[in-house]
Amino acid sequence: MKLTVLYFAWLRERIAEPREEVETEAATVGALVEELRARGPRHAAAFADMGAVRVALDQDLATMDAPLAGVREVAFFPPMTGG
Amino acid sequence: MAVRVEHAPFDYGREAAAFERAAARAGAGAVVTFCGIVRDRPGGGLDCMEIEHYPGMTERALAGIEAEARHRWALSAALIVHRYGPMAPGETIMMVATAAPHRADAFQAAEFLMDYLKSRAPFWKKETGAGQAQWVAARDEDEAALSRWGDKAAPRPEGDAGKS
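Quick mapping for you: the protein sequence lines, in order, are chains Y and P. For what it's worth, our numbering labels the leading residue of the first sequence as 1, then goes sequentially. For what it's worth, our numbering labels the leading residue of the second sequence as 84, then goes sequentially.
Chain Y extracted, bound-state conformation:
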């Protein structure tokens, strides 16, 4: 399946791209993260501390074990600091 992967805040800075199109068969967010990590040192650095990474699937907050079936947009970002 084809996914749009978005990065925000320091994840965007570490990867040096705000978005990328990814072809993957990963079943879950966690499996996708493993694939992304293997893309190179920038991705590995961005996903080094998963305790500091949040994920949204099609713009809803989700967890790392969430399935990717039917999802089109995956976003990774640090804990939010609004207000």
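Bear in mind the hints are in silico, worked out from the structure with no lab data behind them. Treat the numbers as computed from the prediction; the structure is a model and nothing was measured. Careful: at least some of the hints might be erroneous.
Using C-beta positions, here's what the derived DEER-type ranges look like [unchecked claim]: (1) Y:Arg-39 - P:Ala-91: 14 to 24 Å; (2) Y:Ala-48 - P:His-185: 47 to 57 Å; (3) Y:Ala-44 - P:Val-219: 20 to 30 Å.
All C-beta atoms in this analysis are idealised placements derived from N, C-alpha and C, irrespective of residue type, glycine included.
Dock chain P against chain Y, hints included.
Chain P only, in chain Y's frame:
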């Protein structure tokens, strides 16, 4: 009933006054307003605060939080305005306003909106000062503030035991 995510500065006093007049016409007896301001560092030195957000999800998350507040309390009206982009110390970042027949609902709903939008709406703050830029870390207190509302509305997205 309104959520606005925008770049341009807004006039908090004018927004609050317009909200109050509309709420009065709608029969409300109580209005609570809150605004957040870019705070300088102790002793100064903050040049800029930049807020990044996730267009699309931001509006969706804020609308969801507002809908939950309206479900929990008897609100006549609610407003959330949140800016993004670069701001200087002293500038208004955001505001919430709630109106209800009685004050308890308006106060509680305003606190609920603030607690949720701090930790569940996709905004990220970056501070620049003394030639250095730094992302603002999420505070455990902000996460803990959500627990008093029960966690059904927005469970913690990752089980990382308070690490942030």
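>> Of the numbered hints stated earlier in the document, which are not met by this structure?
In response: Hint 1 contradicted; others consistent.
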